[in-house]
Amino acid sequence: MKNLARSIVLISSFCCLTTASAQTEIRPLWEVGAGFAAIDFPVYRGSNERKFYLLPVPYFAYNGEVLQVNRERVRGLIFKRDRIEMDVSVNGSVPAKDAKARQGMPDLDPTLELGPSLNFHLLYSEDKRNTFDMRMPLRAVIASDFSHFRHAGWLFQPQLNLDFHDIDHSGWNIGLVGGVIYSDKHYHGYFYNVEQQYATAERPAYTASGGYAGTQFIFAFNKRHEGYWTGGFMKWDSLKGAVFADSPLVRSKEYFTVGFAITWILDKSDKLVEVEYD
Numbered sequence: 001m002k003n004l005a006r007s008i009v010l011i012s013s014f015c016c017l018t019t020a021s022a023q024t025e026i027r028p029l030w031e032v033g034a035g036f037a038a039i040d041f042p043v044y045r046g047s048n049e050r051k052f053y054l055l056p057v058p059y060f061a062y063n064g065e066v067l068q069v070n071r072e073r074v075r076g077l078i079f080k081r082d083r084i085e086m087d088v089s090v091n092g093s094v095p096a097k098d099a100k101a102r103q104g105m106p107d108l109d110p111t112l113e114l115g116p117s118l119n120f121h122l123l124y125s126e127d128k129r130n131t132f133d134m135r136m137p138l139r140a141v142i143a144s145d146f147s148h149f150r151h152a153g154w155l156f157q158p159q160l161n162l163d164f165h166d167i168d169h170s171g172w173n174i175g176l177v178g179g180v181i182y183s184d185k186h187y188h189g190y191f192y193n194v195e196q197q198y199a200t201a202e203r204p205a206y207t208a209s210g211g212y213a214g215t216q217f218i219f220a221f222n223k224r225h226e227g228y229w230t231g232g233f234m235k236w237d238s239l240k241g242a243v244f245a246d247s248p249l250v251r252s253k254e255y256f257t258v259g260f261a262i263t264w265i266l267d268k269s270d271k272l273v274e275v276e277y278d
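At position 123 of the sequence shown the residue is numbered 123 (the numbering used here), and the sequence of numbers has no breaks.
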């Protein structure tokens, strides 16, 4: 179950500009498959210890009118206009066990982040293969060991998103995302508080406040091949200036995360539908 949680997070996880109508393509209504993902990243944001995962990952794509699920995002469309839409934003974190900075403290359970995102289409090319959006997701955070669930705060992550689809008709797609993060004291406390009973000479007690939580920039790429797809990403994360940066659990304030995945499509719907570029 925990390997499945990691897999879901990892996969959830990766010109002339005008207001012309959207470009569409024909895809199956649904697809299922399986593959694997390799990813290297810190045990938690701010940790100086890293983990490498090589995990099997499920693949499921659904291209409905309201709900769209694919390798890049879960998109539950709430409403849509020419320049603005609201959908569902999903994110999360993997469990953190046996981190040296947290020795003697409870392990961190995996988290699920879920909430609405208000998206503004700022600019896009005539065929809508190149798009520039502003996304403003607000997500509630749930932490769980799959036997107990608890609310772990709120997170607001405004982002600028630049996408290039089917570059030079090669099939390759590239995305660039950058933005800041703001979280409440409950979210920061889950990761960075040190209760008095866990304080040591090298790890004093600490209570985090809410506010600015750092900056992230992501470069991602993917390509659909005949019967399978490949993709990868690289993320730069900075905690400089974050309200919890002085926590004794923060051991690194800047780092990179990298990952790669390949998935084979094992079955698909006979029904074909038009799918609009985001």
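Honestly, the hints are just simulated from the structure, not real lab data.
Some hints could be false.
Capping the alpha-carbon separation at 30 Å, the derived lysine-lysine pairs in DSBU-like fashion look like this [said to hold, decoys possible]:
#1 K97 x K223
#2 K97 x K185
#3 K97 x K253
#4 K223 x K51
Every value quoted in this text rests on a predicted model; they were computed, and no experiment measured them.
Going down the list of hints, with the structure as the test:
1. Proposed proximity of K97 and K223 is contradicted: the alpha carbons are some 34 Å apart, above 30 Å.
2. A threshold of 30 Å between alpha carbons decides the hint, and for K97 with K185 the separation of about 22 Å falls inside it, so the pair holds.
3. Using a Cα cut-off of 30 Å, the hinted pair K97 and K253 holds, with the two alpha carbons roughly 20 Å apart.
4. Using a Cα cut-off of 30 Å, the hinted pair K223 and K51 holds, with the two alpha carbons roughly 26 Å apart.
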